[in-house]
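Given chain G, put chain P in place with the hints provided.
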Amino acid sequence: MHEDRFAALAERVLAVRLGQMAINERNKAGAFRVPIHLAFGHEAIAVAVSDAMRDGDQLLLTHRNVHYNLARNPSLAEKVREFALDPAGGAGGQLGCMNYSDASVGIPYTSSILANSLSVAPGVALGHAILGRRAATFVVTGDGAIEEGAFYESLLMGRSVSASMVVVVENNGWSLATRIHERRVPIDLEQMAGALDIPFQRLRGNDPLDYAEHLAALRDEAVEARTPALLEVCVNTLGDWTQETPDHPDGKVINYHAGIAPTVDLEKGPLLADDPGDPVFVLMQRYSTEDLAELAARAMDLLGEVPA
Amino acid sequence: MTYVSHLNGRIKDAIAHCDTPVVFGQNVSAGSCLSGLTRGVDQTAARVINTPNLENTLVGTGFGLMLSGVQAAFFMKQQDFLLLGVDHLVNTYNLIRRQDTGAGSFTIVQIVVDSGYEGSQSALNNLPDLCSLARIDGYAIANAHDADTLIEEELFAPGFRIISVSQRLFKRDVPTWDAPVVAAGPSAVHRYAHGDDLTIVSLNFAFEQATALHHAAEGYGLRASLFASNSLAEVDWRAVTADAASTGRLVILDDTKSVRSPGHMLALEARSLGVTDVIHHRRALDDSKLRPQADRFEIDCAATLDSLGLLNRPRISLLSA
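In the order they appear, the protein sequences are chains G and P. Per my numbering: the first sequence ends with 308, consecutive numbering throughout. Per my numbering: the second sequence ends with 1321, consecutive numbering throughout.
If you're looking for bench data, these hints aren't it; they were derived computationally from the structure. Ideal Cβ positions, reconstructed from N, Cα and C, are used throughout, including at glycine. Don't take each hint at face value.
[What the hints assert, rightly or not] Computed footprint of chain P on chain G, listed as stretches where at least three residues anywhere in the stretch have a Cβ under 8 Å from a Cβ of chain P:
1. 107–116
2. 128–134
3. 150–164
[Stated by the list, open to error] Pair ranges (Cβ atoms, derived):
4. 196(G) - 1040(P): 25 to 35 Å
5. 1086(P) - 196(G): 23 to 33 Å
6. 160(G) - 1274(P): 54 to 64 Å
7. 1099(P) - 298(G): 32 to 42 Å
8. 77(G) - 1182(P): 47 to 57 Å
9. 1016(P) - 301(G): 49 to 59 Å
10. 131(G) - 1274(P): 47 to 57 Å
11. 77(G) - 1099(P): 14 to 24 Å
[What the hints assert, rightly or not] Residues on chain G that point at chain P, a partial pick, calculated with CB under 8 Å:
12. 94
13. 120
14. 122
Chain G on its own, in the form it takes in the complex:
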């Protein structure tokens, strides 16, 4: 049972990875005019959040949302068409990438504005409570957005109105091209949660089952106690490359933020880094090459037909 559940999550992780790689290849080929924000390295948390969601739960996202959208609905064709602004896209070609949402799979709102979704989340959660629904509202943000006042405001609002929210902070250490230490002092989110007396979890390691179980427990606690809960997950955004510049003749490392990830190549397979910062590496520690290939094949089936 445990193995089956892990395998199901692993299959989803691979689907999210391979789906993004396919989108990246199309982006390299110039298929999209809208800005594309990929999330290589963020697959395990996205799959875990999706797995933890129960009927009626909702998920509010940011500009970097493709991993959650693929986790909730792996249809790659819908994403590819949407990013091409095709009316047959998942949002009718009306939203593109940075605002991609799909209410039919529990994603009613995605904002490209830093921290904007955080303020909307207490309202969605409160609306559920008023309508008598025992549901949780998940909202995803990043270590850059927690610098905005809306982060504190939304936690305080959620706590004050007993809103069942799970706030997921994807901490990749970057905001655009600056690292945390280049722009601010450290923020101890556990202490912040303590100040507001809300549950807190910190996850690292990219084990999808471990993530899913912690998230499910946190979700249930948020619903039972009618409180926001805060989760910080450490992620490595993969897809870096080096660029030679006059100041860096040996190549300057460019962290991936948006657009094409030039060094990521679907032909080379899904692994992007040989360390636990890559969720696919974590799967490789558990499965043989053959078993992983079988999971990847099933993941491709999940992604479905992709338009030419």
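Frame of chain G, contents of chain P only:
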């Protein structure tokens, strides 16, 4: 009855006719209950929430409530505070407005602090600017008729809008109009009186000044058409411009502090129809306005009529009668 008591009664009426009303904001059922505006809402069927001071998140939360399908009204103590929520007025609304949110409703009811002596930081009176940011529907309640129609029709209606109320008027008798008031076009413009000599239009909270000018004109034996627009967004002015083309004179009374308001468009449209005598009374911004002062919107009625050449006309029968 005072203006604020009248508003309070209409708000409670609207709550009584709403399925899932949510009323929230700072002090909505605590302290003075926003100087009486929301007094007693906690005795209604509404879910009432006294919130922390989180204006940005309160605006976002309102949109979240709308998204979930309930009817939410955020009562805001001061229009200035809405500046902290401008991101949501534009970026959140622009996403949510394209969705089918069913009966979901969000209204911001904001008090314009126009009572005077607040100083340079606490007297924002610029609803047209806020509406312009994302083509938001915005209304001002200047009299009993506005209150009766707007609160019933808009407070919990599907969609989003902003409604302004005037702190200056709170403790005064609610302005009323004895004659029938009729809609003049599709966008919240109402006709209060017919006349042949000039056309008067009130915007925002300038109804008091407009009626004063109307009465002054009557005192000189003149008959003025009187319109009031309680919409501060895009306005269909055709009924007004047709009337102004007939009278040949248009006076716009606009007490907002916006550089561009619907009054400017009205003036342009009227001139394009050949109405050459157009006076647009609006707020001046000089140093005296950037310190505590009375902040009144004052009109010299006689001078206005004189500048239109109306006081040189022979008195007509109305005055002598």
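Hints and how they fare:
{"no.": "1", "hint": "107–116", "result": "holds (count 7)"}
{"no.": "2", "hint": "128–134", "result": "holds (count 3)"}
{"no.": "3", "hint": "150–164", "result": "holds (count 7)"}
{"no.": "4", "hint": "196(G) - 1040(P): 25 to 35 Å", "result": "32 Å, holds"}
{"no.": "5", "hint": "1086(P) - 196(G): 23 to 33 Å", "result": "26 Å, holds"}
{"no.": "6", "hint": "160(G) - 1274(P): 54 to 64 Å", "result": "58 Å, holds"}
{"no.": "7", "hint": "1099(P) - 298(G): 32 to 42 Å", "result": "34 Å, holds"}
{"no.": "8", "hint": "77(G) - 1182(P): 47 to 57 Å", "result": "55 Å, holds"}
{"no.": "9", "hint": "1016(P) - 301(G): 49 to 59 Å", "result": "55 Å, holds"}
{"no.": "10", "hint": "131(G) - 1274(P): 47 to 57 Å", "result": "56 Å, holds"}
{"no.": "11", "hint": "77(G) - 1099(P): 14 to 24 Å", "result": "23 Å, holds"}
{"no.": "12", "hint": "94", "result": "7 Å, holds"}
{"no.": "13", "hint": "120", "result": "4 Å, holds"}
{"no.": "14", "hint": "122", "result": "5 Å, holds"}
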